[in-house]
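**Q** Sequence:
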Amino acid sequence: MTKRRGLGIGSMYYGIGYGFSRADIGSAYIEMAEDGTTTVYSGACDMGQGVMTIISQVSAEVMGINPDMIRVVAADTGSTPDAGPTSGSRATFVQGVAVQKAGEDLRDQILQMAAEMLHAKKDDIEAREAQIYKIGAETPLLSVAKVAGEMHRLGRRCTSWGWHDNTTSDVDPETSQGDAYATYGWATQVAEVEVDTETGHVKVLRIISATDAGKAINPVAVEGQIQGGAAMGLGYALYEQHVLDKGIPLTRSLAFYPVPTSMDVPEIECEIVEVYDPKGPFGAKGVAEPATIPTTPAILNAIFDAVGVRITETPATPERVYFAIQEAKARGDFVE
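To get the numbering used here, take the position in the sequence shown, counting from 1, and add 55.
A couple of the hints might just be wrong.
Simulated crosslink set (BS3-like; lysine-lysine; CA at most 27 Å straight-line) [said to hold, decoys possible]:
1) Lys258 - Lys58
2) Lys189 - Lys201
3) Lys258 - Lys270
4) Lys334 - Lys270
5) Lys176 - Lys189
Computed beta-carbon distance windows for the label pairs [to be verified]:
6) Gln296 - Tyr68: 25 to 31 Å
7) Pro228 - Asp388: 43 to 49 Å
8) Glu368 - Ser134: 33 to 39 Å
9) Glu253 - Val330: 40 to 46 Å
10) Ser134 - Arg59: 53 to 59 Å
11) Thr214 - Pro140: 21 to 27 Å
12) Gln296 - Pro122: 38 to 44 Å
13) Glu86 - Thr367: 53 to 59 Å
14) Glu86 - Glu184: 18 to 24 Å
15) Ser317 - Ile64: 22 to 28 Å
16) Ser134 - Glu329: 33 to 39 Å
To be clear, the hints were calculated from the coordinates, so they are not data collected in a lab. Here the structure is a predicted model, which is why all the values come from computation and not from measurement. Don't be surprised by glycine CBs; every beta carbon is placed ideally from N, CA and C.
Using the sequences and the accompanying hints, generate a full structural model.
**A** Structure, rendered in structure tokens:
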């Protein structure tokens with residue numbers, strides 16, 4: 056039997072944000088038009104991970120309006136406040152809180168105006184689904200749009216600003232101990248592989264990923280992040296290699312830098328683990344990079360489980376796996 060199957064597991068924890076006392080700031084600006092339509096200005100760049108959707112959802116939830124009433128202007132240096140780079144799995148965790156704070160400020164302004172219009176106490180009313188209700192009631196009293204229109208008529212500001220500082224203190228220079236990051240993400244993955252002992256070819260059959268999302272604000276987007284991260288980790292494990300010769304890159308184009316195709320990526324089962332994090336928006340934290348990290352060790356451990364040889368250098372190309380098997384045979388360590 057030349058093809059053998061194995062299972063491997065990999066786990067990791069990952070510091071979310073910049074950490075180590077590096078400035079980690081988020082800021083957002085929100086304005087509501089007289090018809091209730093709302094524009095959120097956020098410097099966070101969306102690279103396909105869905106942060107604009109998250110910002111829209113957070114804003115809508117906080118202000119008690121519908122997501123379709125919100126337009127997000129993102130990463131425009133001419134109009135959006137600085138939110139720092141989209142890196143370190145920080146966009147939702149840091150910028151989400153800045154948006155949440157801005158939304159809370161504007162919501163309070165809306166409720167104050169509504170209370171005056173209704174001759175009620177601000178603490179007795181709430182905004183839900185773009186309507187103003189008495190707390191706990193099912194019959195709306197007036198619309199958020201009508202309140203916004205009245206604010207504009209009176210010349211009141213219908214804007215808000217949110218700022219969030221996620222900067223941590225540095226670790227102790229003598230002991231290297233301390234709170235390096237504001238929070239951590241956790242993930243564990245299991246990979247099932249099939250190894251051809253005659254060619255060294257490795258095929259990943261299945262990946263199961265359990266990833267801590269804090270609180271999944273958008274479960275579909277979280278699954279997409281986990282699947283994309285696992286696919287990237289598969290590339291690191293089996294395909295991607297940047298070759299240097301005395302510091303000079305020999306891998307000069309994607310023609311010589313293979314990445315997984317749709318035919319290479321297996322079924323990826325996502326288990327979203329929700330451990331509420333009080334520092335994130337509604338308890339959420341980033342999941343993008345955490346989903347990438349445990350994939351490679353899970354695959355390499357699965358190769359060991361299948362054929363009994365350790366691959367200590369990535370990527371685990373057919374050549375490396377084949378010669379590792381041959382060396383094990385020469386030592387008498389390979390079980391036929």
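**Q** For every hint, state whether the structure bears it out.
**A** Cross-check of the supplied hints:
no.: 1; hint: Lys258 - Lys58; in the structure: holds (10 Å)
no.: 2; hint: Lys189 - Lys201; in the structure: holds (16 Å)
no.: 3; hint: Lys258 - Lys270; in the structure: violated (33 Å)
no.: 4; hint: Lys334 - Lys270; in the structure: holds (11 Å)
no.: 5; hint: Lys176 - Lys189; in the structure: holds (10 Å)
no.: 6; hint: Gln296 - Tyr68: 25 to 31 Å; in the structure: holds (26 Å)
no.: 7; hint: Pro228 - Asp388: 43 to 49 Å; in the structure: holds (45 Å)
no.: 8; hint: Glu368 - Ser134: 33 to 39 Å; in the structure: violated (48 Å)
no.: 9; hint: Glu253 - Val330: 40 to 46 Å; in the structure: holds (45 Å)
no.: 10; hint: Ser134 - Arg59: 53 to 59 Å; in the structure: holds (58 Å)
no.: 11; hint: Thr214 - Pro140: 21 to 27 Å; in the structure: holds (26 Å)
no.: 12; hint: Gln296 - Pro122: 38 to 44 Å; in the structure: holds (43 Å)
no.: 13; hint: Glu86 - Thr367: 53 to 59 Å; in the structure: holds (56 Å)
no.: 14; hint: Glu86 - Glu184: 18 to 24 Å; in the structure: holds (21 Å)
no.: 15; hint: Ser317 - Ile64: 22 to 28 Å; in the structure: holds (25 Å)
no.: 16; hint: Ser134 - Glu329: 33 to 39 Å; in the structure: holds (35 Å)
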